[in-house]
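Visitor: What follows is the residue order along each chain.
Protein chains: 2
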Amino acid sequence: MDEEFVVGTWHYVLAKHAKAMCALERELGDKHGLGASEFEVLDRMVRHDKKLRLQELCDEVHLSQSALSRVVARLEKGGLVTRGVCDADRRGVFVCITDEGRARHTEALPTQRAVLAGVFSDTPALTG
Amino acid sequence: MDEEFVVGTWHYVLAKHAKAMCALERELGDKHGLGASEFEVLDRMVRHDKKLRLQELCDEVHLSQSALSRVVARLEKGGLVTRGVCDADRRGVFVCITDEGRARHTEALPTQRAVLAGVFSDTPALTG
DNA sequence: GCACATTACATGCATCCGCATCTAATGCAA
DNA sequence: TTGCATTAGATGCGGATGCATGTAATGTGC
Chain Z
1203 MDEEFVVGTW HYVLAKHAKA MCALERELGD KHGLGASEFE VLDRMVRHDK KLRLQELCDE
1263 VHLSQSALSR VVARLEKGGL VTRGVCDADR RGVFVCITDE GRARHTEALP TQRAVLAGVF
1323 SDTPALTG
Chain X
1203 MDEEFVVGTW HYVLAKHAKA MCALERELGD KHGLGASEFE VLDRMVRHDK KLRLQELCDE
1263 VHLSQSALSR VVARLEKGGL VTRGVCDADR RGVFVCITDE GRARHTEALP TQRAVLAGVF
1323 SDTPALTG
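The listed protein sequences correspond, in order, to chains Z and X.
For the first sequence, the numbering used here begins at 1203 and goes up steadily by one.
For the second sequence, the numbering used here begins at 1203 and goes up steadily by one.
Derived from the structure by calculation, the hints contain no laboratory data.
Source: prediction; values computed, not measured.
Just so you know, even glycine gets a beta-carbon here, dropped at the ideal spot from N, CA and C.
Treat the hints with caution; some may be incorrect.
[Claimed, not checked] DEER-style ranges, computed between Cβ atoms:
{"id": "1", "chain 1": "Z", "residue 1": "G1237", "chain 2": "X", "residue 2": "C1260", "range": "21 to 29 Å"}
{"id": "2", "chain 1": "Z", "residue 1": "V1287", "chain 2": "X", "residue 2": "P1312", "range": "21 to 29 Å"}
{"id": "3", "chain 1": "Z", "residue 1": "G1281", "chain 2": "X", "residue 2": "G1286", "range": "50 to 58 Å"}
{"id": "4", "chain 1": "Z", "residue 1": "R1276", "chain 2": "X", "residue 2": "G1320", "range": "16 to 24 Å"}
{"id": "5", "chain 1": "Z", "residue 1": "S1266", "chain 2": "X", "residue 2": "R1285", "range": "50 to 58 Å"}
{"id": "6", "chain 1": "X", "residue 1": "P1312", "chain 2": "Z", "residue 2": "G1280", "range": "17 to 25 Å"}
[Said to hold, decoys possible] Incomplete in silico selection of chain X near chain Z, CB under 7 Å:
{"id": "7", "residue": "T1211"}
{"id": "8", "residue": "W1212"}
{"id": "9", "residue": "H1213"}
{"id": "10", "residue": "A1220"}
{"id": "11", "residue": "V1287"}
{"id": "12", "residue": "C1288"}
{"id": "13", "residue": "R1292"}
{"id": "14", "residue": "V1295"}
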C-alpha cells in the first residue's frame, strides 16, 4: 500500500467533496429550496421509483439513522414525501415521494448536474 | 462531459469521504483526543514547519474562516498551538505549533494513515 | 404465554459548521 | 490629516449532524 498515493487520494477526495458540497448547498438552496441531503434523498426515491423503508435509504445515503430520520421529517413537512407505517412490520416506516417531490427533483436535477460537471470537469478517469 | 462519469465520480467521493471522515473522527477522537479538523490543522503546521498566518491555513484546510478560527482556538486551549499577533500587520494572527502539538501529531499520524489505508485500499489509481 | 434481547425509528443533547456581522487595523484618495 | 473602503480575524446565531437514549414492535428461549 503506497502511503503517498493513499494520502494523495484522500486530499483529492477532501478537496472535491468540499468544493462540490459547498456549491451544491448554495445552488440547490438558493434556486430550489433544497439542502444537499434533501436532494440526495429525493434522488434515491426517484431512482428506485417505489416506496422505501427508512432503513433502505439509510444504506444508500451517507447519513446516520438519526440524521436521515430528520431529513425525511423536513421533506415531509415540505410536502415532498409522505411517511406511512409499514403493515408487515409496524416498527417500520415507508417513505413515498409525492408528485410535488418529483417535480422539485426534476427541477433541481439540472442544477446538480451543472455543479458536478463544473467541479469534476478536470478529473481524470479511474483505472478500473 | 460524460454525465454518467461525473455522477459516478461524485458518488465515489461521497462514499469515501463519509467512510474516511467517520472513521477518522472516531479513531482520532478515541485514541488521541483530536477531531479530524484539529488533526488536519496540526498536520499542515508540521508540514510547513513554521508559524503560519491564519489566512494561509485557510487556503489549505477545507473550512470556512470562522470554523478555522474556532479550530485554532480549541487547539490553543488544549496547548497544542499558540497564537501570536503579527508585528507587520497587527490584524493578522500567527499560529505556532507547540512541542506538545508536535508530539500529539506524531502520535496520531499512524492512526490516520491506518484509517486511510483501510478506506482507500481498494481504490484504483487515477490516470494522469 | 412470559420475560428478555433486538430492531426500527424518534428525540434530547452537545458539537461543529457556515453565514452574516462586528471590531480593529490597514490602505488609499483628496 | 481626514474620511472611507478594505482586510484579518472573532463572534452571534441558526441549522445540521452524530451519539446516546427512549419508545414501541418484533423475535426468541423456556
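Visitor: It remains to establish, for every hint, whether it holds in the given structure.
Guide: Going through the hints against the structure:
Under the hint 21 to 29 Å, the C-beta atoms of G1237/Z and C1260/X, about 24 Å apart, fit the expected range. The given range of 21 to 29 Å is broken by V1287/Z and P1312/X, whose C-beta atoms sit roughly 48 Å from each other. One distance hint, 50 to 58 Å for the beta-carbon pair G1281/Z and G1286/X, holds here, with the actual separation near 53 Å. Taking 16 to 24 Å as the suggested C-beta distance range, the pair R1276/Z and G1320/X does not conform, at roughly 33 Å.
Checking the proposed 50 to 58 Å range against S1266/Z and R1285/X shows it is violated: the Cβ atoms sit about 34 Å from each other. Between P1312/X and G1280/Z the beta carbons are some 46 Å apart, a value that contradicts the proposed interval 17 to 25 Å. Interface hint status for T1211/X: upheld, as the beta-carbon distance to the closest one in chain Z is roughly 5 Å, under 7 Å. Annotation: interface hint on W1212/X holds; nearest CB of chain Z at approximately 5 Å, less than 7 Å.
Nearest Cβ of chain Z to the Cβ of H1213/X: about 10 Å, over the 7 Å cut. The hint is violated. The restraint placing A1220/X at the interface with chain Z holds, with a minimum CB-CB distance near 3 Å, inside the 7 Å limit. For V1287/X, the suggested interface contact is broken, since its CB lies about 29 Å from the closest CB of chain Z, more than 7 Å. Checking C1288/X against chain Z: minimum C-beta separation of about 27 Å lies over 7 Å; hint violated.
A cut of 7 Å between beta carbons decides the hint on R1292/X: the least distance to chain Z is about 31 Å, and the hint is violated. A hinted interface residue such as V1295/X counts as satisfied when its beta carbon comes closer than 7 Å to some beta carbon of chain Z; here the least separation is about 23 Å, so the hint is violated.
Taken one by one, the earlier hints fail for this structure at numbers 2, 4, 5, 6, 9, 11, 12, 13 and 14, listed in ascending order.
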